[in-house]
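First to last, the sequence lines map onto chains H and E.
Note that my numbering numbers the first sequence so that position 201 is 201, with each residue one more than the last.
Here my numbering runs 1000 ahead of the position in the second sequence, where the first position is 1.
Be aware that a few hints might be false.
Claimed, not checked - Cβ-Cβ distance ranges computed for the label pairs, FRET-style:
no.: 1; chain 1: H; residue 1: 274; chain 2: E; residue 2: 1313; range: 49 to 59 Å
no.: 2; chain 1: E; residue 1: 1433; chain 2: H; residue 2: 14; range: 34 to 44 Å
no.: 3; chain 1: H; residue 1: 56; chain 2: E; residue 2: 1038; range: 30 to 40 Å
no.: 4; chain 1: E; residue 1: 1322; chain 2: H; residue 2: 276; range: 49 to 59 Å
no.: 5; chain 1: E; residue 1: 1352; chain 2: H; residue 2: 252; range: 39 to 49 Å
no.: 6; chain 1: H; residue 1: 59; chain 2: E; residue 2: 1136; range: 32 to 42 Å
no.: 7; chain 1: H; residue 1: 14; chain 2: E; residue 2: 1136; range: 53 to 63 Å
no.: 8; chain 1: H; residue 1: 206; chain 2: E; residue 2: 1528; range: 11 to 21 Å
no.: 9; chain 1: E; residue 1: 1277; chain 2: H; residue 2: 211; range: 53 to 63 Å
Just so you know, these hints were derived from the structure itself, not from any lab.
Built from N, CA and C at the ideal position, the CB exists for glycine as well.
The chain contents come next:
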Amino acid sequence: MKTTKKTILVIIALIVALTAILAACGGEKDIAVIARTSGSGTRDAFESIVKSEDGTSLKDAGLMKGAIEQDKTSAVISLVSSTKTGIGYVSLGSVDDSVKVLKVEGVQANAENVLSGEYKMQRPFVIMTNKALTEEGRLTPATQDFVKFLKSTQAQQIVEEEGYVKQEEGASEYTAPAENLSGNIAVSGSTSVDPLMDKLIGKYKEIGGAKVAGVEISKNCQGTSHGISAVKADTAGNAIGLGSSAVKQADEAQIAHFSIALDAIAVIVHPENTLEDISVAQLFDIYTGKIVKFSALAAA
Amino acid sequence: MEKNSIKEKCGKLLFAATAALCIAAAAAIFVFIIIKSVPALAETGVGEFLFGTTWAPDANDVYGQPLAGSYGILPMLVGTLVATVCALAVGGTLGFFTAVFLSYYCGGKVKAVFTSVINLLAGVPSVIFGFFGIKVIMPLFNALSPTGNSSGLLLTSVILGMMIFPTVASLSKTALEAVPSAYFEGALALGATRDQAVFRTVVPAAKSGITAAMILGVGRALGETMAVVMVAGNSPQFIGGLFTSFRTMTANIVLEMGYAGEVQMGALFATGGVLLVFVAITVVLLSLVTSDKKTKGRGGKRRGNFLLNGRRACFAGKVCGFVSAAFALAFLAALIIYLLVKGLPHISTQLLFGAYEYGGEISILPSVAATLMTVGISLVIALPLGICAAIFLNEYAGSKNPFVRVIRGAIDVLSGVPSIVYGLFGAVTFVTLLGGNYSIAAGALTISVMLLPTVIRATEESLRAVPMSLREGALALGAGKLRTVFTVVLPSALPGIIAAAILSVGRVMSESAPFMFTMGSSIQPMPEGAMSGGTTLAVLLYYLSGENLYTDEAYACACVLMFIVLLLNAAAEVMGRLLQRKFQGEKNVNKKRGRKRALERAKENA
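So that you can see chain E by itself, here it is in the shape it has in the complex (with noise of 0.2 Å):
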């Protein structure tokens, strides 16, 4: 006994220790950011750096000189924040309409149809975004604006919109579909129409978690990085109107950080700590919507809402819906449709399988080599201490714990984080660590941070879907906690597991941010071992689309991407089912519900 005591609390330390990591890993971030932008921010003023009107960085400053170059980023904090509110317009609506569409308007199959398009644009690299952006829906804006030209805040709107609207979407819907449909059914037998149901009675109660939807797209939309560099036009000045071109903060970074000066590279990772501040802000205010317990249980009382009001109102809502969900598929059709017709006639077994050398012709394997790599790397780090975190959270830890709370802020923290931030804290950290060269380790470990959330939360979720019962059924036949949790519920949750696992691949297959100033992000051949540079496939998309010379095959890589993505997200739905069928000898219908949402929540966290 006394030996199987010592076990336990081992185990529970560890898992304790693990999830204390994430503590560790957000407040490393915070501290290398503010460290590396001190002496910039020293040297500059925190009032002329915040507040100065403009960006014109000199590479050649140094600390301790005058300065050449004048750097405010008021213009890009203003232009962030605006492309950020306006994308929310765009986004936000588009993901709230459908939302209500997925849960009250359509049957199952149309449901699921839905629900797959989502989650597929949900996966989409932002690198494809962008580049579809500018060929495609660039040349459509072109005709309104004044100067023929339409990059600016409409076009990144709209980009940035339909790049949030999977997160809204999904989010919303699960808030939707929380709401006990005794709501909705009162509703009508008090003689509501279905509309009004919806509209009236169903909607205000599930307003705090369509809340959280619209902070986690916000969320997003402030750390999106690649798409709005094309087509923002770039400029560092005021927005002016909805097609003058300007510049967000996170541009800002990847535009300059390659050949950034000594004072310039302190700017820029102050430019990024104010990222993070904003990200702070917005992990408070999600905690604050989303621990409100009035707002719940409120949709009866009377609200003036007077745009829902009537039965029209409540009616073109609903029509609102449709043509948003319909919005939704066309986006998504034409994207698809286009990379196809662009990319496959170029996709040769030369482009797929030839070995690449400097000079002749170009090839992906070396990507797909570096990417595989990266891959493995990043889940044999982020896989186990995910794990071992999501235990401790779901299995040993109490909801009220203080220690807890710290923990899930940090996660929250974690997942919040602009990419092209975690490319700074990787170039600072990673790539210093392992001798100051690109390297696919470098890059591995940045990414590894960064899934971590994602494994954890999908992990986790999981973990909840194992019926209690089978827990207190191996407690009652004498197991300890530690082989209950391996023995029992592991096993159970496996499926959820790998489905965390292949969201985790998803995810450093579409980010591409954190990989340019760690990794590398010219075209290589194979890497020979982790310590050589490389680029993973989006990454090389970026460098193939770069100086006009391979645009064929920077489509056909575009269509690789995008088939593997896809790929992924069927592999990670049938991992869904698994988990789904596992336990359906359960007769319990709320739990079920549970394990469902449980299993799309597991879905938006990627």
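Looking at chain H on its own, in the form it has when it is part of the complex (with noise of 0.2 Å):
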């Protein structure tokens, strides 16, 4: 009997220490900054349109250091629902109801404000080639097919139905090509394209039909600056890559790219966190370590 007292009374000290540290651990907390590893496009984006009131984008700034890294978007909306001073930046076609996005500069992220530009905080979502291979009509047959299915109004009708933002500009009828196409066509690159990608080449296949079923399509993404490197080596032709942000200018010699699709960053906070709007500047001072306190926000 003296046993079980004494193991009642060494979990009741075990509880009671436990909630003596929880109460010593009120007050207002830091903002838990949540950021992408940097291979991603999103990143790179966001780093680029976020700047300070000077100019300094935050790109040049750096990353405050300490904050939250993840290599996945899933991952970044998860920390988020779970933290209430959370905040992180996903493409909004990911949002789901366990956070709360943000307006930037008083403006909704939805399409429409993307497509006129009032939004700020979008990118584009690009395909690229090889720019040598391209200009000289060296790409393989299968893939400029694709290329050109890529570029067609049935894609953009893909994107829209997606929840992205549709490029207007150029777009054509596609039809399936005269002769049976053949041949492997690798893409790779962005994350954050990957789902996008997933739905376009199932409505190629399905549109071509019997003409590209010899088209075998391998898809493997791991990050914007991933498909980059793979265009730019590409000897064969048949190498697409998928960008979440603009192409650099130092790429432009080498990567032939258009736009499929506008795509908005939606900053992220914790459902129960007060604040409806934030502008770029303090998304700055938060990601470079500036601001600490979600209570500075509203000061302001």
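Take the two lone chains and join them into the complex the hints point to.
Now the structure itself:
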């Protein structure tokens, strides 16, 4: 009997100690800054758009030390949804009910505002091919055909169905090729474009039917930079890269590209957060570590 | 006779050659990682690489030009070490006390239940651990953190601790049970309480075995990748507290490998090289500990262990044992219930058996096919090689032979190499060899190398369990050694070998890091052959949970994966029982115990 009593005492003591620790952790907590890892196109786009008041981009200033970096969109959402003081950014298409999307500069993140350009936090989804090969027409027939499809109105329809903002300009109707095509197309790049690409490949196979049945499309997405390097290194003319941020000036010489859709980057916080609106400059201050509490935003 | 002796010699040579293959494999891993990392080290300077405090790689850096990025891994080096030590503090303590509880404080049924709990925990894929950590444990800790988010050391230690817990618990249990019962009885006879007998006599006697268990736990914690990536926070800075985001070396590799530039890639390989050095150190430590004959049988000597001196302290130890075991059970139960609640409602026929086309509904069928192909290919390669090597080690080689010692060292190294380093190795060898594309074949080859130590150890244990009298009988009847091995020893050890195969299947199922850079990591339609890319179930789970679009499917996939792991565990258990029953006629009690231990050890090796 004595032993059970002691056990109970020990357990009670532990519980008391834990509650004490919990109680000690009251007061307003710092902001938990959640970002993506460095190869991510979402991060690249976010850091290029977010600028301080004097025009320095977050990319040049550098992410604050100690930010949480996650390699997956879902992890960012999951962390924000369980962290009352969390803030993160993800593709608008991935957002669910577990988090709250903030207005940026007073503008709601939706298709309309993205297209009109009012919503600042947007980036294109780009399709990239090797520039030299493309200009010399040395892409394989299958790749050329697939690229043709990606530029088509049918592809744009899928883009819209999937909740992204379509790019109106220059789309034409795609028809299945006259001859049977075959060969391998290697798709790689942005994980954000990956789900959209899934649907696009499905539609391509559907429209192309028997003519493109011999075309094997293999897809492996590990980040925009991965796609960029695959396209640069392409010699067979069958590499297609997916990018989730605008192609950089430095890469223009080697990469032919067009954008297939626009995507909004949603700034997300915990649903219980009372904040509704945030400015780009405030985002800059948060991600560089200058603002560490949400109350500082409300005061400003 | 002449013909026979040639056959015998050839047989022996063949077995020796397969065993030597382990040395080759271990050497190849080191060589390839070093070759790949030397240019980067030359570019950055070894000192700058090891002791530089900033990791800010630039993907555009190429060899021979001034570097734009900086490549210092010290923060991650420290991060890895601190996380490992903390994980050991959690998992080692829990594991040790659970082992004590299992060995001395519980009866047959409870013990059986807990033993299978430990085995199950050992089989849980690390992706699922990470998933569980981020969804369930993290919110629990969030209130404690100054930022409101608990990514960081504490969370990582708990998750890693639970991952190394089964290793430590089952190995410590084996060590405790190996202590002659006379020690325990003697202590009781001298008037010690049960608790004192356990903690002051048996535990000190099993010290070397327990230390070995801890070292193996350290090895596992050092190399863990997929779970750590989810819970550590991943900022490449020094650990500043329990809740600051930090990055481990393994996480660094898996996070940046996918899109690394030239120099960056080299630096990542060098990071793998540093990990290998740590592995080598743990292997050396392990061999020092286990070969230390002096520590054995010194249990009776009075020790100055002030913590466990009095009766009260020993009693507290017992309570810790109960609490640890209960905690492990609760953890596993929470994990399984969580997955079931979240995943079960989303398991549908489309998900399980539907065809997957690009753009269609998600189905795990292509991944199941890819996984089966990987399992098939890797077993065809690893099983024969592993069994032959085990035959050589157990039937032919004397233990004093230096060649054999090197082989054993190589096997230890192979089993200690982190899975992400296997991934790196596979990416530079098999992927390049097979034409530069990710393929199932490349993934299967990579995992085959990884399976070798598992197969060898499990097979060896079951060979050891075959009574000597059987061999002697066969030899006395005039059979040659080869014939004895193939017609008498191997058939008797068959259930154990099958158990080894099942353990290997489990390993292939639960690993993900070695496949990401060899087989591919996005969802793909039905593989058309061994040369097409594919994703195993564990990698698919990682992918599905990625963009927050297929969360339900991810849970369902996790459920299926857990279910398969459960089944495999049960199957391995049944095989183990068969092996035991087979030799039940054998009266020798000592040997019986040996077999039992052998089975347990075979399971731990998984």
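Now the hints, each set against the structure:
| no. | hint | in the structure |
| --- | --- | --- |
| 1 | H:274 x E:1313: 49 to 59 Å | holds (52 Å) |
| 2 | E:1433 x H:14: 34 to 44 Å | violated (56 Å) |
| 3 | H:56 x E:1038: 30 to 40 Å | holds (38 Å) |
| 4 | E:1322 x H:276: 49 to 59 Å | holds (51 Å) |
| 5 | E:1352 x H:252: 39 to 49 Å | holds (47 Å) |
| 6 | H:59 x E:1136: 32 to 42 Å | holds (35 Å) |
| 7 | H:14 x E:1136: 53 to 63 Å | violated (21 Å) |
| 8 | H:206 x E:1528: 11 to 21 Å | holds (20 Å) |
| 9 | E:1277 x H:211: 53 to 63 Å | holds (55 Å) |
Hint compliance for this structure: hints 2, 7 are not met, and every other hint is.
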